Amino acid sequence: MTRLVQKHAWVLGLLVLLIALLGITKLIQPSFGATGLESLARAALPFAFATAAMAIVVIVGGIDLSIASMMAVCGVTAAVLMQSMGAVPAIVITLCIGTAMGAINGALIVITKVPDIVVTLAMLFVWEGVALLILSTPGGNVTEAMQGIIGGSILPGLPMALVVMAVAIAAVWMPVRRSKIGLSIYAVGSDELAAFRSGVSVGWTKVAAYALCGVLAAMGGMSLIMLTGIGEPVPGPYLLASVAAVVLGGVVLGGGRGGLLGPIIAVFILRIIRTILTLAAVDPNVTTIVEGVIMVAVVMLGAIVTYRGVRA
Amino acid sequence: MDEVQRESLLDASGIAKSFGAVKALSDASLHVARGEVVALMGANGAGKSTFVKILTGALRPDSGKVLIRGTEARVGSPAQARRSGLVPVYQEPSLIPDLDVADNLRLGDTPVDPCLNWVNDLGVDGLRLDHMIADLPLATLRILDLARALAAEPDVLLLDEMTAALPTDLVENVLRVVRAQADEGRGVIYISHRFTEISELCDSATVLRDGRSVGDLKIEPGVENRVVEMMLGAKIDLGARETGTARTNEGIPRIRARGLAVAPKVTDVSFDLYPGEVLGVVALEGQGQDEVFDVLAGFRKPTGGAFEVDGAPVSFGHPADAIAAGLTFVPGDRAEALLRERSVHENIALPFSARAGSWGPLKTRHERERVGHAIDKLQIDTRAKGEVQRLSGGNQQKVTIGRWLAHGVETLLLFDPTRGIDVRTKRQIYPLVRELADQGAAVLFYTSELEEVPLACDRAVVIFNGRVVDVIDAAEADEETLMRAAYGLTEDKAAS
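Respectively, the protein sequence lines represent chains A and B.
As numbered in our numbering, the first sequence has no gaps in its residue numbers, which increase by one up to the final residue, 315.
As numbered in our numbering, the second sequence has no gaps in its residue numbers, which increase by one up to the final residue, 1684.
Everything labelled a hint here was simulated from the structure, so no lab data went into it.
For clarity, every value in this text was computed on a predicted model and none was experimentally measured.
Hints are supplied without guarantee of correctness; some may be wrong.
One side of the interface only, derived from the structure: several residues of chain B facing chain A at Cβ under 10 Å [to be verified]:
(1) Ala1246
(2) Pro1249
(3) Ile1284
(4) Leu1295
Positions of the beta carbon are idealized from the N, C-alpha and C atoms, including for glycine.
Next up, chain A with everything else stripped away, as it sits in the complex:
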């Protein structure tokens, strides 16, 4: 039991922090309730997908700067497709396109041996251009039914958006995590040479991780159009936000350690801090300063606690 707690100490700590922050919100704004939770969950949706996508490539020891651009491509693709076909085929096609984009990123990194940060920076511009080619101005069409999916609550206090997110991410990640490819992803991120020597196909593992990143980015892009009801070709502010949440969520930049749950909780923490500061009528420009300070403080605190734990 203690082992289990130790292993998941970071995630548990984040959960406690999240609950405390929810409590503070309720204190500041007594009317904060089911509707508040719903809008929080909805607003967090694209951030959560972007963060899950980023977390996977960071675990494999890489980074993907093109996530926000891929989300834009997938968003406009889905919006355009839905003008001429049903929601389901449009979603399937979009997911395939996301996977392909991620796999292209990964393959470029593996084949050219150019550093991941350079390749994905270049692809950030490429995918941005592709999105604008598909749809030069915001447009497209998102079916009412689709927008409805993420509205309301399934149970009091359990927003539909949260359930959709959990199901979608779990559907991608759980089978991977429990199979050998998941193990390989952690192995490559932890020590590429040792993984290679253990018989892991390092190249394929990386391509797979980037492809998974692409799938989740596609989901993120579609969640975006479900929120706004329109396809938006210009990438949103998801890149740095996802890196922030990944770090706060206990995934080590450099790879090999962490999971998806921590980063997703971190997304909510960062969102709710924003809500609290807004409710407290703090200057929006100060908000980002507070976010940055909290991030450094939490990661530092975590490092200190871990260090103590090792020493003891």
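Given chain A's structure and the hints, the job is docking chain B onto it.
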């Protein structure tokens, strides 16, 4: 070994490989028959590591063939080499630090129970499947690596410096198990710098020099000298030093340690280290020597006892304090000491400009002269002129020690500087250490190889179970004496 024809398990012949202009291998070959343990030997830069990489599939040869059981093994990756029946155990552990034992076994498709049986058989107890690799001691990882290879039931087992980081009792277990494996009909390629192990375990030796196989020898008494001859291409005796009379140390010691303790491993370590002296530290693996060096280098604080530098009591809170007091630590792991991506020149010059307060312009000419002098002195093979990482391991190690020749150093803390390097380079390292001492430096020299003590040191302190149990003069420090002391066998005598 009298059978005329034995089934051949591995035949590598005519292997060549170049990296740009550097020809690492020109004509390397190796043959392993069923039931045979073959030692693969070669000085640093002979191409041994490249050959191993080709055999294990990490590199493809430019020409030549590797046949495993008579069929050409299309080894393009370690996974393929494994499928074809050759399983390597590398010099460094190839386990994933952030995964636990069970996941690591799963990753290589290793059957769990046989592997754990091997771990037990090799003499490591209490290994649990949920232990994280990063938390396990190096010796356990080496054993786990070997157990994993054995559990794969390979035709050919390749062991690269398997025993380098192991304590003596585990070494014996490894030799016993490997011999038994060969007797069951497997083939073993055994790479080691330790002649005692090779003569105990191996049937024959293949010697590499300058990228080609220069001979196959049957292991028999006295073969050591011939192997060394072949490795060097000329006869050089194994080395001896005129130890003469013991030094008389007078005056204030550079370092005086009294009752140092680092809970829980070190309980009572006292010694005096004088300028101009090389003081050996002899200890089996994990007797507390790591902690003692950590304390002296300022990496951690002692939990008890005290030490003085030049007669003044000191307490280091940071490695910078140790450096300011003139104590220079050279780690056994050269990767920790060198900037691998930078040139030899820069690595040697670095401490000139790294001194706190030297923000001024670099004294280029002066620096170049001394650096050039140091490089001549080190006899570094400058075939690969660029980055340090292109040098062979032994040459890298020479840079880590030799750069202090260029700077002048008051106190040098050498931690196992000759781990995993060949005889020739070792023989070049001892005079370096002596020369530093002759310049007036005080050198504390931990080595895991006992025969080095009389070659490099004036005296040696023996640490056993966290305490200094003996101090031995170099003149009396033959391997047997040291071995007995290191096992704590002289303790009773010392106490009475």
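Here's how the hints hold up against the structure:
Nearest Cβ of chain A to the Cβ of alanine 1246 of chain B: about 7 Å, under the 10 Å cut. The hint holds. Contact between proline 1249 of chain B and chain A, as hinted, is not supported at the beta carbon level, the nearest pair being about 18 Å apart and thus beyond 10 Å. A least Cβ separation of about 4 Å between isoleucine 1284 of chain B and chain A falls short of the 10 Å threshold, and the interface hint therefore holds. At about 5 Å, the closest approach between the beta carbon of leucine 1295 of chain B and any beta carbon in chain A falls short of 10 Å, and the interface hint on this residue holds.
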